[in-house]
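**Student:** Got chain A sorted already, so can you dock chain B onto it with the hints?
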Amino acid sequence: MYPLFRTPNRVIAMLVGWSLFSAGLSALVSGIADVPLGRGLVLFAPTYFLWLLFLIPNYFMCRTLPLDKRAWTMVIGNQLWIMLAMALLWALLGRGYALILDSLADSAPYLEYFSAGLFTNLVIFAGQFEFFVLLHYLLIALQRGRDLEQQALQQELLTSKAELRALRATIHPHFLFNALNVLANITDSEPAQARNFCVRLADFLRYSVAYGDRPTATLGAELEHVQNYLSIERERFGDRLCTDIEASEELLGTPVPSLMLFPLVENAIKHGIDSCIEGGCLKLRAGTDDGRLHIEISNPLDELGHKRQGTGIGLISLRQRLKNRYGDEATLQTCREDDLFVARICLPLRKAPAAVN
Amino acid sequence: MAKRDPIRCLIVDDEPHARQALQNALARHPELEVIGLCENGLQAVKAINEQHPQLLFLDVQMPKLDGFDVLELVQEQIPFVIFVTAYDQYAVQAFEANAIDYLLKPVDPKRLAQAVEKVVARVGMEEPSRLESLLADPVRERELLRRILVRDGSEVHVLPVDAVMYIEAADDYVAIHTAENTHIKLDRLSRLQKKLDPRQFCRIHRSYLLNINFLSRIESESKDSRIAILTDRRELPISRSGYGNLQKLL
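Residue numbers (the numbering used here), protein chains in the order written: chain A, 1 to 357; chain B, 358 to 607.
Careful, some of the hints might be misleading.
These stretches of chain B come out as covered by chain A in the derived footprint (C-beta under 8 Å, 3 or more residues) [unchecked claim]: (1) 372-383; (2) 418-429; (3) 582-588.
Please keep in mind that the hints were generated in silico from the structure rather than gathered at the bench. Even for Gly, the Cβ is constructed at its ideal location relative to N, Cα and C.
Just chain A, same shape as in the assembly (with noise of 0.2 Å):
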């Protein structure tokens, strides 16, 4: 669609300027080449009128020769011919139409009229084309503008959905509930450790939460809270529940989504050796290799060990998380391996991820 032609009150708009400039138009030209007004009139307004159909195709012509994917002289030499064609071709209607006018008129030579007034109008033209060229440009720059930004604020909405329903996830009433009876039951018997365990909890929490500000974090903080919700899920898990995390040192301080390994964590938890009747070891390992950051979490599943399956919006929304920062540089694979359920995830080492928010 033509920009300028948008809306019904533009085309009107366009076509009542459009005349008028035509008819002055006519009126200046009629007076250069010395041609009476009257007659310059009925001859040259309707071609002018003419150049608007010559000059609007122009737009889809520009873009299809954008300036910043085409040379220079490319696009140059490609209006040029354009306009050359277009000023004969309106040159030879022209001649045409005063042709017709002076079969019917009396006594006016037209086609005389025309030939005088023919240089000036090709100047003209070639200058209308030139301001046309620029305009359009102009017009398509700024659409593109407006298309960027359109872009960028579905991006972030996607991105924001999708960290929101993360968020959701976290603090999941079940595991507040299942947290609050841990304590009920260990306030009496062992109250030092229910106090640990209510700064591990206010700890989670707080990590949890503080989240939406903070959509970037370091490996060594995510896996503290991880640490955190296992320490807490351990004591309602007692002997069922092992852990074995290692990560190397020097990875800790690596950027990294947050909440990206909570709920692969929480996974295996829920789904994984909840399952088991005899529970089992969750297994966490990161790592790098050629230039990537590898972290693999595996743990015991027994498959008939829960009456239902899990929906698997958890890994689903994890991998729209990682998918809205590194497009196609980050993956998240599952896999079962025997008797255990492995997920990996694997990330651009060195990219620190652009923090959309």
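**Tutor:** Structure of chain B alone, referenced to chain A:
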């Protein structure tokens, strides 16, 4: 008033603190005696079978066998059940399973006292058998089964439905045939059929429910008499309406 023997009860919960806390709280109720603590459903079935408690404090969410699974397996052996759970979403289901009470965790000592009172008042009064009401309950298990639970004395088998070749009706029992074994379960074929995926299990005969994944071919003996040959060459009769069911499915 003659002093009654304490009511023998069993605590079933997968969380160690929860078991301990409930046991501590019950110490204030001499009319109850805790005869055991179970960490999971399998232990519970075994303990119930061997120790015959009168009252069960039963957690709902546990690995492998949840509270309702335990009841399904031992229903005829347990007079009274009190569910103890952190979530209120199971309350309706619990009362449908004839629970005498439903306690939310953390357990409020007053509510626990009320529940104990209820049990004490009811002990000695003859209860109608809860077996029938539980079996006949149409609301339980809205979802399709992924596994079938069978009990052999104190031992519980969890059979994935995909491993079940066919199920045979035998009076009030069903015989569940897998490639290796046959398990007997107190249930009716029609009731079991309702809980299994109709795209996988086909009633080929009044007495046979077939997992069609194990169907190898169908042979006709005469116009109205056909037999199903299973993948391990076992043969099952197909009735005329059963053949209709099969055709619809295949």
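**Student:** All the hints need checking, so say for each whether the structure fits it.
**Tutor:** Structure-based check of each hint:
| no. | hint | in the structure |
| --- | --- | --- |
| 1 | 372-383 | holds (count 7) |
| 2 | 418-429 | holds (count 3) |
| 3 | 582-588 | violated (count 0) |
The earlier numbered hint that this structure contradicts is number 3, and it is the only one.
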